[in-house]
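Fit chain B to the supplied structure of chain A, relying on the hints for placement.
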Amino acid sequence: MTTTNTAEPILSPETAIAALSSDDNQIRYYAAWWLGKHQIQAGCMALCDALFDERYRIPGGGYPLRRQAARALGQLKNPQAVPALVTALECDEDLRFTEAAIAALAAIGDKKAINPLLNLLQSTQEQPYEALIEALATLQVWSAQPQIEAFLKHPSERVQCAAARYMYLLTQQPQYIERIVKNLYHDNMYLRWAAVFDLGAVGHQQAIQAILTAQVPNSLKLLNLKRILETLLESHNYEEKTALLIFQAIDDLLIQL
Amino acid sequence: MTDELIRAVAEAVTPAKMVTAVQNLAATKDIAAIPTLIAVFGYNNPVAAGVAATALTEMGEIAVPQLISQIDDYNYGARAYSIRTLAAIADPRALDLLISAAATDFAPSVRRAAAKGLGNLHWSMLDFTASHTAPKRALETLIFISQDSEWSIRYAAVVGLQALAKNSDLQQPIFARLNQMLTTDTEKAVRARVQLAYR
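Sequence order for the protein chains is A and B. Its first residue numbered 1, the first sequence is counted upward by one per residue in this note's numbering. Its first residue numbered 1, the second sequence is counted upward by one per residue in this note's numbering.
Extracted from the complex, chain A is given alone in its bound form (with noise of 0.2 Å):
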């Protein structure tokens, strides 16, 4: 062997977390990745701190470092990252990277993030207003619903669709889901499949018949009809009906490739 580079390979959470400060900027990302694929709690901390990293940046001024951090975060979904994340808000220069923290507060799931992503939706600068929409129908933040109304008007359509999927999940109205059926049928791929994972958080008959039918992959109808099962199953009002019809297609689609 004649490499020159000493640094250890990325095989445990400790050579994972010493990673993270190494010099190649490329081996941090893929630590960062790590930690949050495995879900390494130890991590945490080490992460917080990568949120706030100089030393990485891309010619258009993004932080991939950053961005790969806050994703891991959510992935561990430890409570203790929300103030870093919130902290990490701030920064305005990688909308991406605010996406990802937007994402990461979400899937903690922790209130303490509802205030400051409120601000974000009351702020003058661009954000990004999927994500954001997506974080506050997750916390279930329903007093945002005058302002995120008026985002069913938006000129991108998985803004839209966001909205249409927060409406629904506050005021059960089929009108919104057919708003996101919609897309399920649209010309670009990407739109069909922002569309099934919509439909994913939604726990409603008619979005199951529509993820059924959509020309989508199996593996993203498997995914999202195992999100509708799985809130159904937690929901309070459980309707057995449901879940057997649940059951089927996924047991359906199982023979499918």
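Note that these hints are calculated values from the structure, not bench results. Just so you know, not all the hints are guaranteed correct.
[Unchecked claim] Calculated cross-link-like contacts (lysine to aspartate or glutamate; reagent style EDC-like; alpha-carbon spacing at most 16 Å):
hint, chain 1, residue 1, chain 2, residue 2
1, B, K188, A, E14
2, A, K241, A, E230
3, B, K188, A, E234
4, B, K29, B, D3
5, B, K29, B, E4
6, A, K37, A, E14
7, B, K29, B, E61
8, A, K37, B, E61
9, B, K188, B, E150
Chain B only, in chain A's frame:
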């Protein structure tokens, strides 16, 4: 008649014409169409392959020997369609193929189809000795993959195990394993499917 339809499949020049030609050939339900329908699995045309798979599944056990002998070891996509079709037909002659697909294939979708298929094979088609040993081999594989890290594989294993429990002499180990999953599985959706299997 069938010869012409077979030639139309070979001569189809666009993906859309291929789908139409395969649909026409599939509609004949003619045994002579079987090799061509299997060959369609290798044409990298998912819609046509789906039509061919459905047609072969409907033809059932008559297509099984050729599905097994014509399996394409060099074309992964074609192989996946063959395994999925064999799983759907549920002829126990496919047992060995389904066991290796369920346990070792790299595509989760193929493993899920094989796992479900393993539970549903028509065991009574086998002779007396084999009809007792074969389900036990399916059981071993399903119990093995019920410990997979991927939730959808474990879910498929539960569906397979539930079907396999129709063999009364296998019920004891099957329900012991399901019971274990009820307390140890990390996914709520999988545990809920186990509970459904108990009814």
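>> Would the hint linking K188 of chain B and E14 of chain A be met if the CA-CA limit is 16 Å?
In response: Cα-Cα ~31 Å, so violated.
> Do the alpha carbons of K37 of chain A and E61 of chain B lie within 16 Å of each other, as the hint requires?
Replying inline: The hint is violated at about 44 Å.
> Taking only the CA atoms, is the gap from K29 of chain B to E61 of chain B under or equal to 16 Å?
Replying inline: 13 Å, holds
>> Can you confirm whether the C-alpha distance between K37 of chain A and E14 of chain A stays at or below 16 Å?
In response: Status holds; Cα separation ~15 Å.
> Are the Cα atoms of K29 of chain B and D3 of chain B separated by 16 Å or less?
Replying inline: Cα-Cα ~13 Å, so holds.
>> Would the hint linking K188 of chain B and E150 of chain B be met if the CA-CA limit is 16 Å?
In response: 13 Å, holds
> Quick one, are K188 of chain B and E234 of chain A close enough, alpha carbons at most 16 Å?
Replying inline: Given that 16 Å is the threshold and the Cα spacing comes to 9 Å, the pair holds.
> If you draw a straight line from the CA of K29 of chain B to the CA of E4 of chain B, is it 16 Å or shorter?
Replying inline: Judged against 16 Å, a Cα distance of about 14 Å means the pair holds.
>> For a C-alpha distance cap of 16 Å, please report whether K241 of chain A and E230 of chain A respect it.
In response: 15 Å, holds
Of the numbered hints given earlier, the model fails hints 1, 8; all others are met.
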